[in-house]
Amino acid sequence: MGEKFVVMQGDEACARGAILAGCRFFAGYPITPATDIAEVMAAKLPKVGGTFIQMEDEIASASAIIGASLAGVKSMTATSGPGFSLMQEAIGYASMTETPVVFVDVQRTGPSTGFPTKTAQGDIMQSRWGTHGDHAVIVLYPSTVEEIYRYIVTAFNFSEIYRTPVIFLMDETIGHLRESFYLPDPEEFTIVDRITSSSVDQNTIYQPFLEESELDDEIQPLVPMGDTRFHVSGLFHDESGFPVGNADEASKLVKHFVNKINLHIDEILIYDSYMIEDAEYLIIAYGATARSAYRALKLARANGIKAGLFKPITIWPFPANPLRKILSHVNGIVVAEMNMGQFAREVMRINKRSIPIETVLREDGELIQPYAIVEALTRISSEHEE
Amino acid sequence: MKRSLPDRIIFTYQGDGDLASIGTAEIVHAANRGENITTIFINNAVYGMTGGQMAPTTLLGQKTTTSPYGRDAKANGYPIRMSEMLSTLDGSAYIERTMVTTPQNVIKTKAAIKKAFQVQLKGLGFSMIEVLSTCPTNWGMTPIESMKWLEDNMTKTFPLGVFVDRTKGLM
Chain A
16 MGEKFVVMQG DEACARGAIL AGCRFFAGYP ITPATDIAEV MAAKLPKVGG TFIQMEDEIA
76 SASAIIGASL AGVKSMTATS GPGFSLMQEA IGYASMTETP VVFVDVQRTG PSTGFPTKTA
136 QGDIMQSRWG THGDHAVIVL YPSTVEEIYR YIVTAFNFSE IYRTPVIFLM DETIGHLRES
196 FYLPDPEEFT IVDRITSSSV DQNTIYQPFL EESELDDEIQ PLVPMGDTRF HVSGLFHDES
256 GFPVGNADEA SKLVKHFVNK INLHIDEILI YDSYMIEDAE YLIIAYGATA RSAYRALKLA
316 RANGIKAGLF KPITIWPFPA NPLRKILSHV NGIVVAEMNM GQFAREVMRI NKRSIPIETV
376 LREDGELIQP YAIVEALTRI SSEHEE
Chain B
2 MKRSLPDRII FTYQGDGDLA SIGTAEIVHA ANRGENITTI FINNAVYGMT GGQMAPTTLL
62 GQKTTTSPYG RDAKANGYPI RMSEMLSTLD GSAYIERTMV TTPQNVIKTK AAIKKAFQVQ
122 LKGLGFSMIE VLSTCPTNWG MTPIESMKWL EDNMTKTFPL GVFVDRTKGL M
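Chains A and B are the protein sequences, given in the same order. Mapped onto the numbering used here, the consecutive letters of the first sequence carry residue numbers 16 to 401. Mapped onto the numbering used here, the consecutive letters of the second sequence carry residue numbers 2 to 172.
For the record, the hints were derived by calculation from the structure and aren't laboratory data. Where hints are given, some of them may not hold.
Unchecked claim - Footprint (simulated), chain A over chain B, 3 or more residues, beta carbon under 8 Å:
#1 43-56
#2 63-74
Unchecked claim - If we take Cβ atoms under 10 Å as the criterion, some of the chain A residues that face chain B in the derived model are:
#3 M70
#4 L101
#5 E104
As the list claims (entries may be wrong) - Computed Cβ-Cβ distance ranges for the label pairs, DEER-style:
#6 K19(A) to V163(B): 54 to 62 Å
#7 G78(B) to E227(A): 39 to 47 Å
#8 N33(B) to E203(A): 35 to 43 Å
#9 G64(A) to T103(B): 42 to 50 Å
#10 Y197(A) to A26(B): 42 to 50 Å
#11 Y14(B) to S266(A): 49 to 57 Å
#12 K3(B) to S266(A): 46 to 54 Å
#13 Y70(B) to G380(A): 33 to 41 Å
#14 H30(B) to S266(A): 47 to 55 Å
#15 P239(A) to D73(B): 21 to 29 Å
#16 A26(B) to G64(A): 31 to 39 Å
#17 K123(B) to G64(A): 51 to 59 Å
Positions of the beta carbon are idealized from the N, C-alpha and C atoms, including for glycine.
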């Protein structure tokens with residue numbers, strides 16, 4: 016078996032899972048509620064031959080992990096809302112240079128420094144659109160400590176496969192939660208590693224990016240800078256990485272950023288659904304709220320309301336197709352989230368049949384309790400029956 | 002604010018994590034522009050509010066939650082001396098470092114702070130008082146032990162004194 020029953024804090028699971036995924040470089044800046052990740056990295060990374068650096072701020076932290084990753088080392092930073100805002104420029108640079116990096120954002124109540132120790136899910140849109148310009152991102156959102164441990168590995172794998180920044184959103188509640196679970200055997204995991212220099216053809220000049228004709232869903236392997244030499248730039252560039260000023264090439268590059276994610280959406284979308292088969296009413300919730308929603312589902316079923324739960328792990332790209340399938344057979348939707356309806360708006364965009372939607376929202380730093388979701392289900396089901 | 006309301010007294014109260022790390026660029030340029038404000042800079046060699054992480058001012062060898070094996074210059078760099086650094090800028094009018102371990106030192110600190118505000122009242126430029134202080138909680142010491150540790154260790158890296166004084170003949 017090799018499985019060990021453990022009690023672990025969410026932030027610690029994030030750090031330990033990242034090391035399991037092969038992360039050997041961490042740069043960060045202290046910020047509640049993400050500091051514990053840095054503290055675990057400071058203690059553990061030197062013991063596995065990795066590097067921990069405390070940087071002077073989040074802008075420097077984000078830039079450092081991009082540099083380390085281009086040098087061939089899997090890299091991560093962890094922050095919270097105010098720091099995540101500072102990192103947005105670097106996220107765009109990582110998108111443009113197609114550098115695999117993982118940004119962890121343990122959300123707290125905002126805007127600004129808000130409530131440092133209180134929970135929130137307010138960074139849904141910032142994780143998608145925080146940096147300027149068109150680009151695609153992958154955002155994963157765990158709801159338990161075990162999921163943090165498992166999906167941070169997935170985050171690193173996605174970043175390597177698609178050569179993209181991956182954002183790992185956590186709730187303060189789950190980051191600080193101590194929870195017991197069976198620690199999965201490392202053998203269970205698939206770890207995607209960077210291509211090595213042996214696969215580079217020594218007779219040709221290495222091109223870090225795709226040629227114009229190949230720009231679509233293909234992904235150019237990224238050889239570590241130490242094994243070859245190449246140019247990267249935040250400017251629009253050709254396959255050599257040097258800037259171009261051509262509108263047509265710029266357009267193709269932007270479309271490539273979007274397509275390389277969207278054309279692989281089936282491999283990227285991860286979600287769980289509960290009691291969906293006969294569901295008449297659907298709850299949509301993620302992260303800590305999904306745990307309240309699961310309890311609400313049980314309570315509603317006991318009250319004779321046929322509820323189901325959809326819990327996305329991948330929140331970006333938006334799980335439109337799996338949701339559309341479920342929406343085709345339900346009479347009402349309840350979206351519960353700790354913000355003023357950021358994910359709910361996306362659900363409304365795909366709700367072509369205009370199924371009634373109720374939202375259960377909180378933006379005050381407190382968790383959504385199951386009864387609030389049950390009340391919404393009761394309201395929406397009694398309205399349907401009238 | 003000072004530029005918008007020049008007749009008001011404007012001061013900042015900043016810790017070492019702020020002034021010497023995330024806010025370094027801003028304090029350097031505020032001083033360099035000779036902004037007519039006063040900064041009270043509290044240096045306790047650690048991030049206190051977030052729970053004891055390494056600060057830019059953490060002493061070599063000092064253990065914190067993000068330097069669990071002790072601050073190593075090769076991995077973490079050296080303690081940064083902000084007062085000395087800012088005193089090289091022409092916009093800095095008055096910069097002094099004090100400590101608050103004894104009643105006498107508190108009185109000296111009060112005098113230094115008074116002078117810094119007088120510099121602002123006279124419109125002479127940027128003034129800053131760096132105050133060495135303790136953090137018993139994150140240092141893992143009693144308050145009395147902390148004050149001794151400050152005097153025995155911190156003052157070696159951060160000597161007390163006046164680093165720049167461009168007020169002579171003007172006050």
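Against the structure, the hints come out as follows:
For the stretch 43-56 of chain B, the assignment as covered by chain A holds, since 5 residues bring a beta-carbon within under 8 Å of that chain's beta-carbons and 3 suffice. Interface restraint, the stretch 63-74 of chain B with chain A: holds (5 residues with C-beta to C-beta distance below 8 Å; minimum three). At a threshold of 10 Å, the smallest CB-CB gap from M70(A) to chain B is about 8 Å, leaving the interface hint in force. Because the smallest distance between the Cβ of L101(A) and any Cβ of chain B comes to about 9 Å, under 10 Å, the interface hint for this residue holds.
This hint is violated: E104(A) has a C-beta 15 Å from the nearest C-beta of chain B, more than the 10 Å allowed. Here the CB-CB span from K19(A) to V163(B) is close to 60 Å, well matched to the stated 54 to 62 Å. Taken as a hint, the range 39 to 47 Å holds for the pair G78(B) and E227(A), whose Cβ atoms sit roughly 44 Å apart. Checked against the hint of 35 to 43 Å, the pair N33(B) and E203(A) fails, with Cβ atoms roughly 56 Å apart.
Roughly 47 Å separates the CB atoms of G64(A) and T103(B), a value that falls within the hinted 42 to 50 Å. Restraint check, Y197(A) to A26(B): a C-beta distance of roughly 47 Å satisfies the suggested window 42 to 50 Å. Evaluation of the 49 to 57 Å hint for Y14(B) and S266(A) yields a pass: the beta carbon distance comes to about 51 Å. The beta-carbon spacing between K3(B) and S266(A), approximately 47 Å, falls within the hinted interval of 46 to 54 Å.
For the pair Y70(B) and G380(A), the supplied restraint of 33 to 41 Å holds, since their beta-carbon distance comes to about 36 Å. At about 39 Å, the CB distance of H30(B) to S266(A) disagrees with the hint of 47 to 55 Å. At roughly 26 Å, the beta carbons of P239(A) and D73(B) sit within the given window of 21 to 29 Å. Between A26(B) and G64(A) the Cβ separation comes to about 33 Å, which falls inside the hinted range of 31 to 39 Å.
The supplied range of 51 to 59 Å is met by K123(B) and G64(A), whose beta-carbon atoms lie about 57 Å from each other.
Checked against the numbered hints given earlier, the structure breaks hints 5, 8, 14 and satisfies all the rest.
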